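Asker: Given next are the chains, with one letter for each unit.
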Amino acid sequence: MTNLVTDPPAVATKPAPVATRERRVNPLNGMAHIALLLWALATAGPLIWVLLASFKSNSEIFLGKPFALPEHFSFKTYTDAWSEAHIGQYFLNSVFVVAISTAGTMLLGSMAAYVLARYKFPGNRAIYYLFVSGLAFPTFMALAPIFGIVKSMGLLNTFTGLILVYIAYSLSFTVFFLVAFFRTLPAEIDEAALVDGAGHLRRFFQIMMPMAKSGLISITIFNIVGQWNQYLLPVVIMQGAGSDANWVLTQGIANISVSAGYHAEWSTLFAALTLSILPMIVVYGIFQRQIQAGLTAGAVK
Amino acid sequence: MRHGKYPFIIGFLVVPLALYLVFVVGAYLQMFQLSLTDWSGFGGFNYIGVDNFVKLWDDPVFWVALRHNIYILIAMPIVTIAFALFFAFLLNVGGKSRGGVTQGVWGSKVYRVIFFFPQLLALAIVAVIFGRVFGSDRSGMLNGLFPDSWSPWLFLADERWALACIGIVLVWQQIGFYVVLFSAGMGSIGQEIYEAAALDGATKVTLFFRITLPLLWDTLQVAWVYLGIAAFDCFALVNIMSVNKGGPDNATQVLSYQIYLNAFQNSQAGYASAIGVVLFFLTLTFAALTLRVTRRDAVNA
Numbered sequence: 001m002t003n004l005v006t007d008p009p010a011v012a013t014k015p016a017p018v019a020t021r022e023r024r025v026n027p028l029n030g031m032a033h034i035a036l037l038l039w040a041l042a043t044a045g046p047l048i049w050v051l052l053a054s055f056k057s058n059s060e061i062f063l064g065k066p067f068a069l070p071e072h073f074s075f076k077t078y079t080d081a082w083s084e085a086h087i088g089q090y091f092l093n094s095v096f097v098v099a100i101s102t103a104g105t106m107l108l109g110s111m112a113a114y115v116l117a118r119y120k121f122p123g124n125r126a127i128y129y130l131f132v133s134g135l136a137f138p139t140f141m142a143l144a145p146i147f148g149i150v151k152s153m154g155l156l157n158t159f160t161g162l163i164l165v166y167i168a169y170s171l172s173f174t175v176f177f178l179v180a181f182f183r184t185l186p187a188e189i190d191e192a193a194l195v196d197g198a199g200h201l202r203r204f205f206q207i208m209m210p211m212a213k214s215g216l217i218s219i220t221i222f223n224i225v226g227q228w229n230q231y232l233l234p235v236v237i238m239q240g241a242g243s244d245a246n247w248v249l250t251q252g253i254a255n256i257s258v259s260a261g262y263h264a265e266w267s268t269l270f271a272a273l274t275l276s277i278l279p280m281i282v283v284y285g286i287f288q289r290q291i292q293a294g295l296t297a298g299a300v301k
Numbered sequence: 001m002r003h004g005k006y007p008f009i010i011g012f013l014v015v016p017l018a019l020y021l022v023f024v025v026g027a028y029l030q031m032f033q034l035s036l037t038d039w040s041g042f043g044g045f046n047y048i049g050v051d052n053f054v055k056l057w058d059d060p061v062f063w064v065a066l067r068h069n070i071y072i073l074i075a076m077p078i079v080t081i082a083f084a085l086f087f088a089f090l091l092n093v094g095g096k097s098r099g100g101v102t103q104g105v106w107g108s109k110v111y112r113v114i115f116f117f118p119q120l121l122a123l124a125i126v127a128v129i130f131g132r133v134f135g136s137d138r139s140g141m142l143n144g145l146f147p148d149s150w151s152p153w154l155f156l157a158d159e160r161w162a163l164a165c166i167g168i169v170l171v172w173q174q175i176g177f178y179v180v181l182f183s184a185g186m187g188s189i190g191q192e193i194y195e196a197a198a199l200d201g202a203t204k205v206t207l208f209f210r211i212t213l214p215l216l217w218d219t220l221q222v223a224w225v226y227l228g229i230a231a232f233d234c235f236a237l238v239n240i241m242s243v244n245k246g247g248p249d250n251a252t253q254v255l256s257y258q259i260y261l262n263a264f265q266n267s268q269a270g271y272a273s274a275i276g277v278v279l280f281f282l283t284l285t286f287a288a289l290t291l292r293v294t295r296r297d298a299v300n301a
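As they're listed, the protein sequences go chains A and B. For the first sequence, full-length UniProt numbering begins at 1 and goes up steadily by one. For the second sequence, full-length UniProt numbering begins at 1 and goes up steadily by one.
The shape of chain A in the complex, shown without the other chains (with noise of 0.2 Å):
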C-alpha cells in the first residue's frame, strides 16, 4: 500500500488564500461559516471540557453543566495527579524512550536508506522491499511472537526492550520515505566530492545529511509524534508485578482512568489529562507547519 506514494515529499500546507472584503454578503459563506464553527466547537469543546472539569471537585463534576467554570480554581487535582498519580514519573519516561529511539530510528535509517538509495550492490532490492513489507501490515498482528521474542532476550519491563522495538518497527516508514528523498537529492555534489578523495562516511555525513535536512525534519517528526503516542507495544512489554515504574505517558493515563473509574473519582484524572494535553498544545502552537507537512509528509503525492 506504500507504493501510492513514490514522489518526494512535499510541504503539505499552502499558504490560505486571503479573502478580500466585500459589501455583498453571500448566504453560503455565512453557511460556510456555521458548518466550520461548529467542527471546530466539536474539536475544542471535549479539550476545554477536560480543563475546566480538572479545577473542579468530584462532586461538582457530577452536578452536570460541564461548560460552566468552577467554583474555585483548585490545583489540589494536579499535585495529585503529578505526585499520588505518577504522572510526572510517567511523562519523563515518555520523554527518556522517545528521545533516544528517536534518535536511534533516524540515525539507523538513514544510514540504511542512504546505501540502499546510493550504492549498487546485490541484494538491494531485495533489502528495500524487505523493509518496505513492513508497512503493509499491522504491528497487532504479531502480538504474542513480539512478547516471546522480547522476553526470551530478558527485556520485558526495560526501557532496552521498548526503545529497540519501537526502533524496528520504525524503520519501514523511515527507509521507505528516506530512500525516496534520497534519490530526489543531486548526485554532482556527491560526485565532486568523491573527485575530492571524501571518504564514504565523510560524504553521508557532511554532504547527505545537510542536504537531506527537510525531509530528515519531516519524518524525525513524525516519528517523534508516533512513538510518543505509541499504545500498544508498551502495554505488551511493560506488564506484570512492578512493571508500572517503567511505564509511559500512554499507558499511565489509561491507567489513572481504570482506577478512577473503581472509586468515581474523576478529577484527578482530568488533571492528569490536561497535564498531557498541554504540553503537546504548547509544541503544537510553535511547530503548527512543520508538525502539519511531518504528520502528512507520507500521504502528500
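Since the hints were derived computationally from the structure, they do not count as laboratory data. Here the structure is a predicted model, which is why all the values come from computation and not from measurement. Incorrect hints may appear among the rest.
Stated by the list, open to error - Just a sample of chain B residues kept apart from chain A, beta carbon distances all over 10 Å, derived: (1) Y20; (2) V50; (3) I125; (4) M141; (5) D233; (6) I240; (7) A269; (8) A287.
Stated by the list, open to error - Covered by chain B, according to a simulated footprint, are these stretches of chain A (three or more residues, beta-carbon under 8 Å): (9) 42-48; (10) 129-137.
To be verified - Below, simulated SDA-like cross-link-like pairs (lysine to any residue); rule was C-alpha separation at most 20 Å, straight line: (11) A/K213 / A/K151; (12) B/K109 / B/F280; (13) B/K245 / B/K109; (14) B/K5 / A/I189; (15) A/K151 / B/A18; (16) B/K55 / B/S188; (17) A/K213 / A/L52; (18) B/K55 / B/K204; (19) A/K120 / B/G4; (20) B/K5 / A/F182; (21) B/K5 / A/V195; (22) A/K65 / B/N250; (23) A/K151 / B/P60; (24) B/K109 / A/A40; (25) B/K55 / B/F280; (26) A/K151 / B/L282; (27) B/K109 / A/K65; (28) A/K120 / A/L185; (29) B/K204 / A/G30; (30) A/K213 / A/A187; (31) B/K5 / A/Q206; (32) A/K120 / A/A35; (33) A/K120 / A/A40; (34) A/K76 / A/A35; (35) A/K213 / A/M111; (36) A/K76 / A/L107; (37) B/K204 / A/Q206; (38) B/K109 / B/S188; (39) B/K245 / A/A264; (40) A/K120 / B/G11.
Every residue, glycine too, gets a C-beta built ideally from N, C-alpha and C.
Got chain A sorted already, so can you dock chain B onto it with the hints?
Answerer: Relative to the frame of chain A, chain B by itself:
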C-alpha cells in the same frame, strides 16, 4: 575509488537490518509457527496442527469481531472523507468570489490549525477523554449537556450504540488530518480552472462535483488506504473505552483486541497467533486490491 565500498555498505546496513529481522520479520515468521501450537505465552508448546484454525472457524466471537472490523472499515472512511472534503472545500473555495476569483472563507487558517490538533494526540488519550465525554451519568460531558429531565444515556454501556460511539471517536480524531491533506490537494488545483468555470456560470456545487472531486481522486485513494489501516487497529479505543472487555456483550469486539485478549488474558498465545495469520491474509488482500487500483492510475497519469 571503489575501495572500501562493501565494508561501508555492510557497516551501514548491518545494525538496522539486524534489528528489523529480529523484531519485525522474526515476529511475523514466528506468528505462522506459533499458530500451529498450543503455546500459552509461557513455557513450552506442542504442535497441534490446524486445531487453532478449526477452533477459530467455530468461534462466534471471532466472527463478531471480524464483522465489526468490516463495519468500521466501510463506514468510518466514508464518513471521514465526506466531512473532510466538505470542510476542505469550504476552507479553500467556499468563500466570497470577486470578479470570478473564488476564495477560501475568512479565517480558514485558524480553522485548519484547530481541526488538525486531535491528530497530534495519542489515540489512547483521546480514548480516555471520550470515555468521559460518553460517561453514562451526569459526570459525562454529553449527559451533563442534556436537560435535567432526561434520564442519562448509556452510550458505551448500551450494546446498540457502543460501536457507533467508538466510530465517532475515530472520525473526530481523523477529520482534521484529511482536511489538511485535501486542502493541500485543492491548493494545487490551478485557480484559472475555477475562474474559467465560474465565468461560465458554474455554481459552488458544480465546482465541487465537476472540478474539485475528479482532480482530487489520487489523494482520495491515499486517504482510503490510511483510513483502512486505522479502521483495522482500534485496539487503544476498545481496550480503554469499552465496557467489560469489548462489551457490552461483545458489542465492541474487534480483531486487534481479540488478539490481545487471547495472548495476554486467556493465555492462548497460539490461538492469538492464528488470528494474526488470518489478519495477515486479509491485509494482503486489501494491499493487493489497492495496488491494482493505484497501478492502473499510475499508467493513466
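Asker: Need the status of pair B/K5, A/F182: alpha-carbon distance at most 20 Å?
Answerer: 18 Å, holds
Asker: Does the claim that B/V50 lies off the interface hold, with its Cβ farther than 10 Å from every Cβ of chain A?
Answerer: 17 Å, holds
Asker: Check, residue by residue, whether the region 42-48 of chain A contains three or more positions whose beta-carbon lies closer than 8 Å to a beta-carbon of chain B, and give the verdict.
Answerer: Three-residue rule met by the region 42-48 of chain A, so holds; n is 6.
Asker: When you look at the beta carbon of B/Y20, is every beta carbon of chain A farther off than 10 Å?
Answerer: 5 Å, violated
Asker: Taking 20 Å as the top limit, are the C-alpha atoms of A/K120 and A/A35 close enough?
Answerer: 54 Å, violated
Asker: CA of A/K213 to CA of A/M111, is that 20 Å or under?
Answerer: 14 Å, holds
Asker: What's the verdict on A/K120 and B/G11, does the C-alpha distance respect the 20 Å limit or exceed it?
Answerer: Holds. A/K120 to B/G11 sits at ~15 Å (cutoff 20 Å).
Asker: Would the pair A/K151 and B/A18 pass a check requiring their Cα atoms to be no farther apart than 20 Å?
Answerer: 18 Å, holds
Asker: Regarding the pair A/K213 and A/K151, is the alpha-carbon distance no greater than 20 Å?
Answerer: Violated: A/K213 and A/K151 sit about 37 Å apart, past 20 Å.
Asker: Looking at B/M141 again, its CB stays over 10 Å from all of chain A?
Answerer: 5 Å, violated
Asker: Just double-check B/I240 for me: nearest Cβ-Cβ distance to chain A has to come out over 10 Å.
Answerer: B/I240 is in fact no farther than 10 Å from some Cβ atom of chain A, at 5 Å.
Asker: Compare the distance between the alpha carbons of B/K55 and B/S188 with 20 Å, and conclude whether the hinted pair is satisfied.
Answerer: Violated, at about 52 Å.
The structure shown violates the earlier hints numbered 1, 3, 4, 5, 6, 7, 8, 11, 12, 13, 16, 17, 18, 22, 23, 26, 27, 32, 33, 34, 36 and 37.
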